[in-house]
Amino acid sequence: GESVGLHLPTLSVQEGDNSIINCAYSNSASDYFIWYKQESGKGPQFIIDIRSNMDKRQGQRVTVLLNKTVKHLSLQIAATQPGDSAVYFCAENRDGGYQKVTFGTGTKLQVIP
Amino acid sequence: NAGVTQTPKFQVLKTGQSMTLQCAQDMNHEYMSWYRQDPGMGLRLIHYSVGAGITDQGEVPNGYNVSRSTTEDFPLRLLSAAPSQTSVYFCASSAQQPGEKLFFGSGTQLSVL
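In the order they appear, the protein sequences are chains A and B.
Just so we're aligned: the first sequence equals residues 1 to 113 in the numbering used here.
Just so we're aligned: the second sequence equals residues 1 to 113 in the numbering used here.
Here chain A stands alone, though its shape is the one from the complex (with noise of 0.2 Å):
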């Protein structure tokens, strides 16, 4: 999962395995949250939202699932492949608007050829 700390937590896949990376929010209140991608040097890149009205969300080889009972959330990405290999964070928001989104920190993913 995230974490505040100075160091990202980490996650190793084998290429070819599916991925799971987790997110806590912090705020029962919000009610849309964000998954990004960000590769070293480059910026977040969107992968996939899901609105508090939804527990599940598909994309292209991408799923979010959104747990409101305990706050939290999950991005997980079927097939894994060296492509994927970057910092994954979520972001939560409450009632739109700029001032109410939260991002995390991050975790970063590295696939294993």
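No wet-lab data here; the hints were simulated from the structure.
Only a predicted model underlies this, so the values are computations on that prediction, with no experimental measurement involved.
Fair warning: there could be bad hints in the mix.
[Claimed, not checked] In silico lysine-lysine, BS3-like type, Cα no more than 27 Å apart, as pairs:
#, chain 1, residue 1, chain 2, residue 2
1, A, Lys71, A, Lys100
2, A, Lys68, A, Lys42
3, A, Lys68, A, Lys108
4, B, Lys9, A, Lys108
5, B, Lys101, A, Lys100
6, A, Lys108, B, Lys101
7, A, Lys56, A, Lys71
8, A, Lys100, B, Lys14
9, A, Lys42, B, Lys101
10, A, Lys68, A, Lys56
11, A, Lys56, B, Lys14
12, B, Lys101, B, Lys9
13, A, Lys56, B, Lys101
14, A, Lys42, A, Lys108
15, A, Lys100, A, Lys42
16, B, Lys101, A, Lys68
17, A, Lys71, B, Lys101
[What the hints assert, rightly or not] The following label-pair restraints were derived from C-beta to C-beta distances:
#, chain 1, residue 1, chain 2, residue 2, range
18, A, Gly83, B, Pro39, 21 to 29 Å
19, A, Ser52, B, Val12, 40 to 48 Å
20, A, Ser26, B, Met27, 24 to 32 Å
21, A, Lys56, B, Thr7, 36 to 44 Å
22, A, Asp55, B, Pro83, 44 to 52 Å
23, B, Glu30, A, Arg57, 20 to 28 Å
Heads up, the beta-carbon is just placed ideally off N, CA and C, and yes, glycines get one too.
Got chain A sorted already, so can you dock chain B onto it with the hints?
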């Protein structure tokens, strides 16, 4: 379609110097924002704009100014650089609600000596 373009990519300043980080987007997005990214912390909002001529402060606005004279451009000005402003800066835009589904630039790595 270039998306969000930031310049420069790298910059070194001396304490007390001023400079402007440039940001331009070609997606006709209404909403634009500036963030700083520091080790061990999530992205933090500096300033944002919900349209041309409209700007507001984010979480960490001190020492920075912005203006939004056109939809496309949203420059960030450092008034008198301090070592505490050493960071990586990202500009982002979005077409939806402010703070949702952000498109980020590639970042400016700033060092203040």
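>> Hinted pair, alpha-carbon criterion (27 Å max): lysine 100 of chain A, lysine 14 of chain B. Please report holds or violated.
In response: 33 Å, violated
>> Would the hint linking lysine 56 of chain A and lysine 14 of chain B be met if the CA-CA limit is 27 Å?
In response: 49 Å, violated
>> Hint check: lysine 68 of chain A vs lysine 108 of chain A, CA-CA at most 27 Å. Holds or violated?
In response: 24 Å, holds
> Going straight from one Cα to the other, do lysine 42 of chain A and lysine 101 of chain B come out at no more than 27 Å?
Replying inline: Since the Cα atoms of lysine 42 of chain A and lysine 101 of chain B sit roughly 17 Å apart, the hinted pair holds (cutoff 27 Å).
> Using the C-beta atoms of aspartate 55 of chain A and proline 83 of chain B, is the stated range 44 to 52 Å upheld?
Replying inline: 46 Å, holds
>> If I claimed the Cβ atoms of lysine 56 of chain A and threonine 7 of chain B lie 36 to 44 Å apart, would that claim hold in this structure?
In response: 40 Å, holds
>> With the threshold set at 27 Å, check whether the alpha-carbon distance from lysine 108 of chain A to lysine 101 of chain B stays at or below it.
In response: Since the Cα atoms of lysine 108 of chain A and lysine 101 of chain B sit roughly 21 Å apart, the hinted pair holds (cutoff 27 Å).
>> Next pair to validate is lysine 71 of chain A with lysine 101 of chain B; report whether the Cα-Cα distance is within 27 Å.
In response: Between lysine 71 of chain A and lysine 101 of chain B the Cα gap is close to 20 Å, so the pair holds against 27 Å.
> Between lysine 100 of chain A and lysine 42 of chain A, is the straight-line Cα distance small enough, at 27 Å or below?
Replying inline: This hinted pair holds, its Cα atoms lying about 24 Å apart.
> When you check the alpha-carbon spacing of lysine 68 of chain A and lysine 56 of chain A, does it fall within 27 Å?
Replying inline: 11 Å, holds
>> Please verify whether lysine 42 of chain A and lysine 108 of chain A have alpha carbons no more than 27 Å apart.
In response: 14 Å, holds
>> Given the hinted pair lysine 56 of chain A and lysine 101 of chain B, is their Cα-Cα distance within 27 Å?
In response: 17 Å, holds
In this structure, the hints that do not hold are numbers 2, 8 and 11, in rising order.
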